[in-house]
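*Asks:* One-letter residues, chain by chain:
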Amino acid sequence: MKKILFLAVLDLILFVLAASAQGTVGPIISEYSGKARGEFTVQNQSLTPMTVVLEPMSFSADASGNATFRPLDSNIHVRLDSMSARIGVRQQRTFSYEVNCEAFPCWLSIYTTFTGARTTEGLQIALHIPHTIYFCSKGTKGCRTKVHHEVFGMKD
Amino acid sequence: MKKYLAFLLSAVLTLAFVLPANAQATTVTSNVQTVNLTMTVGESLTIGPATPASISFSPTTGTASGNVSVPVTWNLSSGHTTFTLYAYFSTATALTNGSGGTVPTSSVNSTFTGGTTGLCNQAGLGGANTCATVPFTTSSTLSGSGSFTFGAWLSTGILASLPPGSYTGTLNFAAQAI
Chain A
0 MKKILFLAVL DLILFVLAAS AQGTVGPIIS EYSGKARGEF TVQNQSLTPM
50 TVVLEPMSFS ADASGNATFR PLDSNIHVRL DSMSARIGVR QQRTFSYEVN
100 CEAFPCWLSI YTTFTGARTT EGLQIALHIP HTIYFCSKGT KGCRTKVHHE
150 VFGMKD
Chain B
0 MKKYLAFLLS AVLTLAFVLP ANAQATTVTS NVQTVNLTMT VGESLTIGPA
50 TPASISFSPT TGTASGNVSV PVTWNLSSGH TTFTLYAYFS TATALTNGSG
100 GTVPTSSVNS TFTGGTTGLC NQAGLGGANT CATVPFTTSS TLSGSGSFTF
150 GAWLSTGILA SLPPGSYTGT LNFAAQAI
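One line per chain: the protein sequences are A and B, in this order.
Quick note on numbering that gives the first Met the number 0: the first sequence kicks off at 0 and runs consecutively.
Quick note on numbering that gives the first Met the number 0: the second sequence kicks off at 0 and runs consecutively.
In case anyone wonders, no lab produced these hints; they're calculated from the structure.
Small disclaimer: the values here were computed from a predicted structure and weren't measured.
Chain B side only, calculated, beta carbon under 8 Å to chain A, not exhaustive:
hint, residue
1, G41
2, A49
3, T81
4, G126
5, T169
6, A176
7, I177
Footprint (simulated), chain B over chain A, 3 or more residues, beta carbon under 8 Å:
hint, stretch
8, 22-33
9, 123-134
Far from chain A, by Cβ distances over 10 Å, these chain B residues were calculated:
hint, residue
10, T25
11, V31
12, T60
13, L118
14, S146
15, P162
For every residue, glycine included, the Cβ atom is placed at its ideal position computed from N, Cα and C.
The shape of chain A in the complex, shown without the other chains (with noise of 0.2 Å):
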């Protein structure tokens, strides 16, 4: 009985780990000057394989630093090379991005998506981590210190 009711809850835990979402990404900020070419790793550390979903978003921020996000601006041109990918249990994927902007300095935000189990009444739960980039022209360093301070006006 007590072999059976052990069980009982182990598959509950197990389902529930499985239904949740879990999913780290690093670097979470990347800085460029000249040319921005990089990558970020996405870790699906879940119990369950993953599908996650790339999106790259532009933001402002106030001088709290209180951001607020938009669709990716006009003027900025992201080339990732999948905006998607099936992540398996505790495995890791590198996703390799260029981005050109037509002014400087520019800065984004690629969101990667985590999804849990779908639910069939109420809300489902989805989980987002972003790897942010900023890019200043060529000979620029502190390209983030620089956009904080003279665009968002930030005292960090």
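Dock chain B against the given chain A, drawing on the hints supplied.
*Replies:* Below, chain B without anything else, positioned relative to chain A:
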């Protein structure tokens, strides 16, 4: 003459054994070669698993089946010590039954422990469909983890007007360090 040769041979043999022993005893130190060691540990941000993986609402009271716990693990560089945890909807429709019945984000109330409370129609990550947020400062702890509790409930005003059906939607959580 034989004696002399025997002595000479003995002396040569003695030297042959002694000299290498002396040579071995001499300390010879080579130049020092160094090998540089490097390792890059990249910054990372982990979110999830959010539990439960879905929540449902009472059609009479609008209360949710429970709060959502959102764990976040971070490993950040100095200078990147803050991030914000957002809850949001991708569109202005929070829930739909697929045949005309909808719950707008303006009818979903939300709260984040340690963060803001408000309707899910604020500016932020989801355009104008952002719910509560938690600004979080890791202070001196550049590597760590925390769990954040999110609660949601529906405004009762919308419930009476909803046509029958199974309502579904997707609630998004995102951790953002800029």
